[in-house]
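If you read the protein sequences in the order shown, they are chains E and B.
Here this note's numbering is used: the first residue of the first sequence is 287, the next is one more, and so on.
Here this note's numbering is used: the first residue of the second sequence is 415, the next is one more, and so on.
A portion of the hints provided could be inaccurate.
To be verified - Computed cross-link-like contacts, DSS-like style, restricted to lysine-lysine with a CA-CA straight-line distance of at most 30 Å: (1) K613/E with K540/E; (2) K423/E with K539/B; (3) K615/E with K425/E; (4) K331/E with K497/E; (5) K857/E with K516/B; (6) K497/E with K499/B; (7) K425/E with K390/E; (8) K495/E with K540/E; (9) K736/E with K857/E; (10) K555/E with K425/E; (11) K555/E with K539/B; (12) K540/E with K516/B; (13) K555/E with K331/E; (14) K736/E with K540/E; (15) K555/E with K766/E; (16) K766/E with K676/E; (17) K495/E with K499/B; (18) K555/E with K497/E; (19) K516/B with K539/B; (20) K736/E with K613/E; (21) K736/E with K539/B; (22) K857/E with K539/B; (23) K766/E with K613/E; (24) K857/E with K837/E.
Said to hold, decoys possible - Computed Cβ-Cβ distance ranges for the label pairs, DEER-style: (25) N509/B with T623/E: 36 to 46 Å; (26) M531/B with T449/E: 51 to 61 Å; (27) D489/E with A515/B: 37 to 47 Å.
Quick caveat, the hints were computed from the structure, so don't treat them as lab data.
The beta-carbon is built from N, C-alpha and C at its ideal position, and this holds for glycine as well.
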Amino acid sequence: MKLKSLTNAHWLAIAFTAFCALVFAQMIRIQTSGHAQNLESWAEKYGYEVRTIQSERGYIYDRWGHLLAGNKEVYEVGVELRYVINPTAIATAVASVTGADFTKVLGMASTPYVEGQSVYITLKDFVDSSQIDQLSKLKQQYEESNRFGENPDLPTLRGLVWTPHLQRVYPENSLAANVIGFFPYLDRENARGFFGVEEEYNDLLAGTKQKVIVSLDPYVEQNIPTAPPGASLVLTIDREIQSSIEEILDNAVKVNEAASGTIIVEDPKTGEILGMASTPRMNLNEYWTYANVYTSGNTYNKAIGQVYEPGSVFKVLTMASALDLGKVKPETTFNDTGSIYVGGINIYNWDRGAWGEQTMVGCLQHSLNVCLSWVATQVGPTDFYTYLQKFNIGHRSNIDLSGEEVYPLSIPGDPTWYEVNLGTNSFGQGVAVTPIQMIEAASAIANDGKMMAPHILKSYIQNGQQYETNPTVAGMPISKETANTLTQMLATSLEGESSDALVDGYRVAGKTGTAEIAVNGQYSSNATNASFVGWGPVDNPQFIVYVWLEKPKSSIWGSVVAAPVFSDVVKQLVVLMNIPPDAIRQSMAAH
Amino acid sequence: MTTYNENRQRRKPARMKLISPHAFRQAPWRVQLQYVGLFLLALIAVLVVAGVYLSISGQAAAAGLAYYNDNEDIQDLERQIADRKARLALMTSANVMETRAKELGFERVDASRAVYMVIPGFTGKSPAVLAPPPGLVATQEPLIKSIYRQSLWDWLFAGINRLSDSVGGNNP
Chain E
287 MKLKSLTNAH WLAIAFTAFC ALVFAQMIRI QTSGHAQNLE SWAEKYGYEV RTIQSERGYI
347 YDRWGHLLAG NKEVYEVGVE LRYVINPTAI ATAVASVTGA DFTKVLGMAS TPYVEGQSVY
407 ITLKDFVDSS QIDQLSKLKQ QYEESNRFGE NPDLPTLRGL VWTPHLQRVY PENSLAANVI
467 GFFPYLDREN ARGFFGVEEE YNDLLAGTKQ KVIVSLDPYV EQNIPTAPPG ASLVLTIDRE
527 IQSSIEEILD NAVKVNEAAS GTIIVEDPKT GEILGMASTP RMNLNEYWTY ANVYTSGNTY
587 NKAIGQVYEP GSVFKVLTMA SALDLGKVKP ETTFNDTGSI YVGGINIYNW DRGAWGEQTM
647 VGCLQHSLNV CLSWVATQVG PTDFYTYLQK FNIGHRSNID LSGEEVYPLS IPGDPTWYEV
707 NLGTNSFGQG VAVTPIQMIE AASAIANDGK MMAPHILKSY IQNGQQYETN PTVAGMPISK
767 ETANTLTQML ATSLEGESSD ALVDGYRVAG KTGTAEIAVN GQYSSNATNA SFVGWGPVDN
827 PQFIVYVWLE KPKSSIWGSV VAAPVFSDVV KQLVVLMNIP PDAIRQSMAA H
Chain B
415 MTTYNENRQR RKPARMKLIS PHAFRQAPWR VQLQYVGLFL LALIAVLVVA GVYLSISGQA
475 AAAGLAYYND NEDIQDLERQ IADRKARLAL MTSANVMETR AKELGFERVD ASRAVYMVIP
535 GFTGKSPAVL APPPGLVATQ EPLIKSIYRQ SLWDWLFAGI NRLSDSVGGN NP
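Using the sequences plus the hints, can you model the full thing?
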């Protein structure tokens, strides 16, 4: 075909065909060029990122929803060495804003970039968001005056980056520190909870941690996995009660010059711990002070972690077993001659005096060792220790807090048990318990003979649902009648001695305890454990309180130092728990 | 037996048939125009398909990037929520609240000064309910719906299966 014979249509077709051929050729060229191969290899290399997906650590709340442990946003500040232009400017900015060491930061920021080896260096971690705002403003300011850092004479913060992450925070600082425990957040890779709830429920709080490969190719269909937050815990603790008993305890320890102190408040009907204070305590946000606060001999939470001879508070268990067996009644009399011979040893009263004829109420009121030793002999060793075991003495209460201790109970047949133990154990010497074990046992008397397992977890929230924990009955060591009888006896005995434990308007029951402490194998009357266990209101107990002051110097007697503390606690409790005085409550019930 | 003339007369119509197509043949430029038209039609069809493909690809890429960014945003928001909760807790901590109350002239009430009254229907404070109890939360659906994971064939077969089930082809 000659050129002349080509029509316009021919030329049009040729033009289109040529255009299409060119487009096609260009497509082939783009796909196969060296640049394309570079892009492909770059995509293979950087098309994915390994991302660590860490669950947010669960929160800890008090029973009313006040946050006791949460998480706040902080930043890791670092340099991407490839983009660093002016290390001095970076060091100056970071040091002035965050307080980091200038020389150290300068050294790190000046590290030369080596692909695959030195790419990124962390300059400072856990930087507050307000400091990041300052750095951000500074970076922007420098960028405006020195675009792309092109002028080497002007400062630039190019290469300085920050990445947010969460840090454990305790808004109440030292409040309930002994119960909560702490999370050493500075170790971002391997941190786990220590002590208290943080350790006990670490697995539940921590959630999951996983590394996933995330494609940066937008065409790749993928579900970027999200790590659900760790479970949040709602404790049985009441923040206001906790705050009050800590204040009262700190004051009592100070005024009485005691080595340490513990107060536990529990709901005897459910076993819920409403407050648990112990000294010393530390600010959980500064957990690294642990070694300074808890020097040798100091247990993190003495309420559960330190065993001691409880002394006369133990007499309530002796009397409970005798009443339950029918060996004695409140009006049973005992002629106190000032000593009793048990297991080859003479046992004396706390004042070495003879108190003459006493009813069982009088024995409790005057806290007579001789009388209670006689009561124990009436019960007999087999039954006495059976009852103690029913009261869970010698066993852990299994409270859901980390670090509970136990001291084994010597029973007949054990090589460590002697006949005299029956006498001494009856008034709380030669037997060791923790405060939580003691309050658990006594709670049976306050709750119609039913002993509830003490616990600290009220509910937990997991996957958006709140699961309640159910109160558990730990045992029924005595009958309801025995419990009520003993409660009345203890209330009467407090009233009879005009105890400092009494509270105007409220009838309470309780027992003091003064236990000598063995020093170098010898009991010393100068060093004692002063205790008090009590509950109220007597007709419908809604709280049980245990007070323990270790080695008070103002007075060695529980009735002098521990009983007033109980009273102070109850005065706060009745307000915080909305418990009207007995007269008002009974008149309201009558209507 | 037929003669030559007879045969000649019979063939006449046949000659007419051979000649008639030439009479209606398209002008050459028209034929060329048809070819060009057909070519352009095919080209346009290819361009339309390519255009649709590019458009869908672009939307898919944009959606992929948006999903990635949204994921980042979710994480940012979760951190911010946690941070604000902590700040709120700091501002309402027991010590801070007590200090503020004292500054405002409040003091702790003494049991002896407390006045109690009966409020019908009030049963006291209820413990914290921070999430619904089990059983009230609907099961979460997968993040990417199946419709976005199906090919056209999958979708077609699934539709056919549903149709046959609804007609009664599949009895339990």
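The hints, checked one at a time:
1. Pair hint K613/E plus K540/E does not hold up; C-alpha atoms about 43 Å apart against a cutoff of 30 Å.
2. Annotation: proposed proximity of K423/E to K539/B is violated, straight-line Cα distance about 47 Å (limit 30 Å).
3. For the suggested pair K615/E and K425/E, the alpha carbons sit about 83 Å apart, so the restraint of at most 30 Å is broken.
4. Restraint check for K331/E and K497/E: the C-alpha separation of about 18 Å stays at or below 30 Å, so the hint holds.
5. Among the hinted pairs, K857/E with K516/B is consistent with the structure: their alpha-carbon atoms are about 20 Å apart, no more than 30 Å.
6. At roughly 27 Å between alpha-carbon atoms, K497/E and K499/B fall within 30 Å of each other, so this suggested pair holds.
7. At roughly 20 Å between alpha-carbon atoms, K425/E and K390/E fall within 30 Å of each other, so this suggested pair holds.
8. Of the pairs offered as hints, the one joining K495/E and K540/E is violated, with about 45 Å between alpha carbons and a cut-off of 30 Å exceeded.
9. With a CA separation close to 26 Å, the supplied pair K736/E and K857/E stays within the 30 Å bound.
10. Under the criterion of a C-alpha separation no larger than 30 Å, the hint pairing K555/E with K425/E is inconsistent with the structure, at around 61 Å.
11. This hinted pair checks out: K555/E and K539/B have alpha carbons roughly 17 Å apart, not beyond 30 Å.
12. Using a Cα cut-off of 30 Å, the hinted pair K540/E and K516/B holds, with the two alpha carbons roughly 24 Å apart.
13. For the given pair, K555/E sits about 64 Å from K331/E by alpha-carbon distance, which is inconsistent with the 30 Å threshold.
14. For the hint linking K736/E to K540/E, the alpha-carbon distance of about 36 Å lies beyond 30 Å, and the restraint is violated.
15. Simply put, K555/E and K766/E have alpha-carbon atoms about 13 Å apart, close enough for the 30 Å limit, and the pair holds.
16. For the hint linking K766/E to K676/E, the alpha-carbon distance of about 15 Å falls within 30 Å, and the restraint holds.
17. Distance hint between K495/E and K499/B is fulfilled; the C-alpha atoms sit about 23 Å from each other, no more than 30 Å.
18. Proximity of K555/E to K497/E is assessed by CA-CA distance (about 46 Å); at most 30 Å being required, the pair is judged violated.
19. For the proposed pair K516/B and K539/B, the alpha carbon gap of about 24 Å is at most 30 Å, so the pair holds.
20. Under the criterion of a C-alpha separation no larger than 30 Å, the hint pairing K736/E with K613/E is consistent with the structure, at around 21 Å.
21. Simply put, K736/E and K539/B have alpha-carbon atoms about 26 Å apart, close enough for the 30 Å limit, and the pair holds.
22. In summary, the hint linking K857/E to K539/B is supported, as the alpha carbons are separated by about 19 Å, within the 30 Å threshold.
23. Restraint check for K766/E and K613/E: the C-alpha separation of about 17 Å stays at or below 30 Å, so the hint holds.
24. The straight-line distance between the Cα atoms of K857/E and K837/E is roughly 25 Å, inside the 30 Å bound, and the hint therefore holds.
25. At roughly 55 Å, the beta carbons of N509/B and T623/E sit outside the given window of 36 to 46 Å.
26. Against the hinted window of 51 to 61 Å, the Cβ-Cβ separation of M531/B and T449/E comes to about 56 Å, which satisfies the hint.
27. Roughly 39 Å separates the CB atoms of D489/E and A515/B, a value that falls within the hinted 37 to 47 Å.
Hint compliance for this structure: hints 1, 2, 3, 8, 10, 13, 14, 18 and 25 are not met, and every other hint is.
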